[in-house]
Amino acid sequence: MADIVEMPKLGFDMAEGTLVKWVKAEKDPVQKGDVLAEIETDKATVEVESPYSGVVFKHLAEAGKVLPVGAPIAVIAAEGEEVDLSQIAKPSVSKETSGQPVETQPYQSKVEEVPAEEESGEGSQAMTTGGFVKASPLAKRMAEENKLDLTLIQGSGPDARIVKRDVEKALESGTPSKRKEIAKPKIVSGQDQVIEISKLRAAIGKRMLESRQTIPDFYVTYSYNTGSLMQMREDMNRDLPDDERLSVNDFIIRAVALALREFPNLNASLNGNQLTRFGDINIGSAVAVENGLLTVVVRNADQKPLPTISAEMRAMVARVKNGKVRNEDIEGSTFTISNLGMFGVEDFVAIINPPEAAILAVGGALQVPIIQNGQIIIGWQMNATLSADHRITDGAEAARFMQKLATFLEQPWRLVQ
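For what it's worth, the numbering used here labels the leading residue of the sequence shown as 5, then goes sequentially.
Just so you know, these hints were derived from the structure itself, not from any lab.
Note that the structure is predicted; figures quoted are calculated from it, not measured.
Warning: the hint list may mix true and false statements.
[Claimed, not checked] Pairs of lysine-lysine residues, derived as DSSO-like cross-links and limited to a Cα-Cα distance of at most 27 Å, are as follows:
(1) K210 x K151
(2) K25 x K36
(3) K31 x K13
(4) K25 x K62
(5) K31 x K210
(6) K31 x K328
(7) K325 x K36
(8) K210 x K13
(9) K408 x K13
(10) K36 x K13
(11) K151 x K13
(12) K151 x K173
(13) K308 x K25
(14) K151 x K25
(15) K210 x K325
(16) K210 x K190
(17) K325 x K151
(18) K328 x K308
[Said to hold, decoys possible] Label pairs and their in silico Cβ distance ranges:
(19) G399 x N150: 56 to 64 Å
(20) S57 x K210: 46 to 54 Å
(21) Q371 x K210: 33 to 41 Å
Yeah, the Cβ is synthetic: ideal placement off N, Cα and C, and Gly gets one too.
Could you build the full structure based on these sequences and the hints that come with them?
Right, dumping it as structure tokens:
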């Protein structure tokens, strides 16, 4: 029997997504877990895996379409199976109202059709001298190869998106759209710039506003002596190839995960008057991307050795940078770390990422004068600030957590036991 693949919900606040491109074509064999398509959400472009095995019988949506969560996008059938597409129906109301009698009707997209001559992958945004513009991947690549500024090209695709023919027209007409290189935005005296913020930045703003308005947070700061950690990291990396070396953040992820074992209130979320203490410790780590950030997740971090955590982080960060992030890379965190130490930041306060109970803001491990046995010496120190939800925990518990964290950061051999 054929199975219908629906637009997945790739986040608790996701309502719709853009089908960027199909990875599996019609008639291609597919196994459960194979990457079927790429979906663009407010956060990122995510590789979506097939929930079924079989053959891609039919694409029900074209690349470039914006579709609501739950909309059918493909049919997976057994090899040689014939499927009556006219029988494919969709409830006229959302899943949240399931349980009530509903009238069903074939699903019809309300989004403008993508012309056949336009290449797949519509919906990406290109960074140009004037900010972000909507352009297909092929148009973006052609513009890069020919040093064209996309902000000077009028798009003819859906929602004024720039497509291949628009770039070709600009090249043929010789319009003044050439530029030497793509520059980062900068302030020009007397010239105001008005640009539309990206979906990612808008999503971040919405989430952080929700956090500030609904969570009564408080902060606890602690200074850690990281001399032993820095020495241990140097010793461990000495015998590792460059692409396998451990970062300070790898040590922090494992240390936080082990400390959380004794503090379930910080590995939790609140829904009304119901507190959920998670049985898994999934550590999110914020990664800077173009015009925003994403949080990648090391699952069951308390059960994984440092080399495994390091390898997973490198793989996920690489996928983020290459636009090939997977849903499991960015969903499901139970506690988040925001580390700005690599930028030379000494300390800062992070905003809680709802629905989590806390977030740890980590500064850089810096060589500073410290007092030891009545003498001033040069040592390593790292500051960290915990932001916590006062509805779930309190200052004393947060302070004990920070003390427990010191056990692992200042005695790092405990991290390899």
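Quick rundown of the hints versus the structure:
no., hint, verdict
1, K210 x K151, "violated, 35 Å"
2, K25 x K36, "holds, 19 Å"
3, K31 x K13, "holds, 25 Å"
4, K25 x K62, "holds, 14 Å"
5, K31 x K210, "violated, 41 Å"
6, K31 x K328, "holds, 24 Å"
7, K325 x K36, "holds, 26 Å"
8, K210 x K13, "holds, 18 Å"
9, K408 x K13, "violated, 37 Å"
10, K36 x K13, "holds, 18 Å"
11, K151 x K13, "violated, 37 Å"
12, K151 x K173, "holds, 14 Å"
13, K308 x K25, "violated, 34 Å"
14, K151 x K25, "holds, 25 Å"
15, K210 x K325, "holds, 23 Å"
16, K210 x K190, "holds, 25 Å"
17, K325 x K151, "holds, 22 Å"
18, K328 x K308, "holds, 24 Å"
19, G399 x N150: 56 to 64 Å, "holds, 59 Å"
20, S57 x K210: 46 to 54 Å, "violated, 37 Å"
21, Q371 x K210: 33 to 41 Å, "holds, 40 Å"
Comparing the model with each earlier hint shows violations of hints 1, 5, 9, 11, 13, 20; every other hint is respected.
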